[in-house]
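A.B. asks: Given chain S, put chains L and D in place with the hints provided.
Here are the chains, one letter per residue:
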Amino acid sequence: MKQANANFDFDDDAPLLEAEDLTVSYSTSQGDLIAVDDVSFTVKEDEIFGLVGESGCGKSTVAQAILSLLPSNGMIPSGSIRFRGIELTELEKRELDSLRWENLALISQGAMNALNPVQRISTQIVEAIQAHREISKQDARERTRELFETVGLDPERMDDYPHQFSGGMKQRAYIAMSLALDPDLIIADEPTTALDVIVQDQILKRLKELRDELNISVVIISHDISVIAETCRRLGVMYSGKLMEYGDLRDIFANPYNPYTLGMQNAFPTLRGDQSDLISIPGSPPDIADLPDGCRFLARCPFATEECGQEHPPLQEVAEDHYSACYHHDRIDTMRTEAERRSTWNRVQDDGTAVGVEGADD
Amino acid sequence: MSGETSSPVQRGEGQPSQGWRRFVENLRNSVQEQAKIFVQSRMAVAGLAIIVFYVIVALVSPYIVPYGPEERIYTAAGEWAKLQPPSLAHPLGTTESAYDVLSQLLLGARIAMFVGLLGAFMVAIIGTTVGLVAGYYGGWIDEIVMRVVDILYGLPFIPFVIVLVTVLGASVWNIILGIALLYWLSTARVIRSEVLSLRERPYVEAAEAAGASDFRIMGVQILPNVIPLAALYAAIAVGYSIVAQASIAFLGFGDPTVPSWGVMLQRAFVTQSFGTAWWSVFPPGLSITLVVTGAYLVGRGYEEVVNPQLQEK
Amino acid sequence: MVNKRYLARRFLLMVVSLFTVATILFFLFRMVPGGPMSAIMSPRMTEAARQRVIENFGLNEPLWRQYLLYMWQLLHLNLGESFYYGQTVKGLIVDRFYNTMVLMLTAFLISYTIGIYLGAQLGWIRGTPKERAAMIVVLLMRSTPVFWTGMIVLYLFAFELNMFPLGGMRGVGAEYSSVSGKFLSVDFLYHLVLPVFTLTTFYTGLPLLLMRNNLLEVLSEDYIDTARAKGLTNRRILFRHAARNAVLPVVTAFAIAIGFAVGGQVLIETVFSWPGLGREMVKASLRSDYPVAQGAFLLLSTIVISMNFLADLAYTYLDPRVRLGGT
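Chains as they are written, first to last, in the working numbering: chain S, 1 to 362; chain L, 1 to 313; chain D, 1 to 327.
Since the hints were derived computationally from the structure, they do not count as laboratory data. Errors might be hidden in some of the hints.
Stated by the list, open to error - Computed footprint of chain D on chain L; a stretch qualifies when at least three of its residues, placed anywhere within it, have a C-beta under 8 Å from a C-beta of chain D:
#1 147 to 161
#2 246 to 253
Claimed, not checked - In the DSS-like style, the derived pairs of lysine-lysine whose C-alpha atoms are separated by at most 30 Å in a straight line are:
#3 S:208 / S:44
#4 S:44 / S:93
#5 S:93 / D:130
#6 S:137 / S:93
#7 S:205 / S:44
#8 D:283 / L:82
Just so you know, even glycine gets a beta-carbon here, dropped at the ideal spot from N, CA and C.
Here chain S stands alone, though its shape is the one from the complex:
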């Protein structure tokens, strides 16, 4: 549900969250390193959107950039992030502060450490509430009780300290905290990493239920494609700072258009139930300090050709609400067939250079 915010004049026609040509870089002793390169995506109302990719692909950086929580050496040299029409990159801290948590909340990576160890959990939630609302401590505590019930925690324990909760409970408490002000959008960065599978399952289910009950949109960021598959309706696949494939999840899984997506699907057991052997993509992502010309995935792609070495391909629409960045969409049927075979991926040599042309020799 869309909250009004006294400080902002939201554009009702604008999408909930829109990133356009977003670029994020870090300034280091080795120069400016680009972590997110020209990424564009949209998150609609009442939807769970996923960002998936290997570690280091920039997906967490996107999350931090949205809330302006980049570390001190991070910056946004170009591009824009708009929340309901408001340009986030141009806001001052004070303005951002009123948006934060009220409309945009964050569930960060590893709630294990994201809760202050020397404060009671109730204190931390009340603090979040009182930072944005004129409300008595009594009422805030009442709200905290409600929130605990919403996420399935015993309200009697809300005055405990974080170390007295298990990992899964801490994560739920964090979710409860993020719901405190009925935000429009929650960004969940690796919400279930470090939790065991059963708890993971419960939490993901709960997130979906909350979307239905409270009309919240969620952006889930994860390296685990099964988490994304279970919860999201739309997703973006990131690799080395770039968006490789993007759009409706079911369509992408049923008809993937990007070699990287094809490779990723192979590496996860849950999607290919009948296959007992996992095929991983040999090699590793390029060094962020030394990015190659051309397609970022070139070095590990079994289908790459000379054409791919000039420039990273732009996102093209390949179906309705389905975009992919590749120069070889016309050969997609062959590619899909070949991708199922281990020998295809073995074509990529150890030093990371592609063998190149897909041919009929298999």
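C.D. replies: Same frame as chain S, now just chains L and D:
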């Protein structure tokens, strides 16, 4: 606080002679690497320059001082030239015992650097050894050592040295004894922490599995990695030792026959002449401050450079 | 639901430490010039007094009995008689004790408060020119020997500017009706200013640097990001989240600080002629008044050990993970 080198020196075990050679090799590599890191910090280099300067002064002062340590200056009338303000003949004036301040100052560097460097050396040796043994063996050895450390923390340093001097006499060696008995506590604690984490490293486990003796593992695998931390604490101990000696001398427990900055200040205080003769007070105090600052810069500058190094790797 | 086991262990440590210190003293003072007898018998004693001492301390008995008698006397707080003053050591050092504590605690309180506050601020503004300048000042403060600072302060403010007295604890001929009257009188406070000021410059360095270092570490923790994400003001993040966590190790460092602080106390009492334990110990040692020296040292050591234990208590209370026992 830092402590770990970026590429831990690791070797397997070997025959006894190889073990020693490896130890020396590891040590040399470690020192070279640390030296390279060290010079990256301007602070550390500046501090080192100060220390080296004072060491040189300490070494050459008996040969270059204009006046001897017990040489009295007389006025034209044959009286003691007490508390003369600075002049050409005496750039820093004279003390209340009619000694030349500048000479006393230069000679005082000897005892300062001696106590400073010896104290630091002992702190490093004792602290590192104790920390190494406690951290490596763990168990009841660790318990006992740490309890002893806890108990020794209950002895305040300066009063303890006063007791030592009262009982054993006013000599520099008793001050050094005090330093040796009490200053290593913090170092031992920190080294022990470091060793506790280092001993879980794979290369240590590999050496253990290969049957290397405890002594070899401690000396060859762990010690070289702990040396940067020990050096850091040793640097800080230089400063503390010098101040300790000066403080004890100031209180009146120093050896009056040895010229030292602390004794100079004690004389100035006891005769209440510091109220009028600023030249007997400022030079020794400034010297102490300068040397301690130098030692501290060495330690801090080095640490600042080592820490970001760790973070980048 | 305090973690009693931990506290019990620390209390036991305190008791053992006290015993150990007393034992060390016992053996050390047997080595004074003139033998163990000289340690407790004044050359000016009457024969009757000598006999009493020999009896109480068993000077003609085997070592282990002497040791037990010594401990027995200690437990009854019999510390002997001063050679110089002719009064009991106990009476003497108890009086000096209050003088020392007033000075030390006042200076400690002020310096820890300032140190923690400034350390947090400096950590927050790290990298700025202001911070660099401040760090240089802190460095210089830590490098100057405290007694020299005292002399300079005395020279400046007492000799030259005549703003404050030259030393001592109160004006000559001052009389007080009660203990609180003594410590709260303007005259007393007037005498307190310079020594407290000097001690504060000496003490502040440690908590300041520790706090700053800890704060820098804490700022990189995840819960600080959470606080930022919640839209809290910088002030709130700094003090309620960052500083609150960073201050815990500073409390434990109290233990190490006290040991060195007592040394500073001794020096400052000497410079400012403050009639405290430190100064008394120095004078007694210079005069070979061994019972007083021993008693003063014992009391100083007791202060250090008790403060350590109090620091443990404080830490236990402040850190809920220790207080309630970890999961």
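A.B. asks: None of the hints should be skipped; say for each whether it holds.
C.D. replies: Here is how each hint holds up against the structure:
no.: 1; hint: 147 to 161; result: holds (count 11)
no.: 2; hint: 246 to 253; result: holds (count 6)
no.: 3; hint: S:208 / S:44; result: 15 Å, holds
no.: 4; hint: S:44 / S:93; result: 25 Å, holds
no.: 5; hint: S:93 / D:130; result: 23 Å, holds
no.: 6; hint: S:137 / S:93; result: 26 Å, holds
no.: 7; hint: S:205 / S:44; result: 20 Å, holds
no.: 8; hint: D:283 / L:82; result: 27 Å, holds
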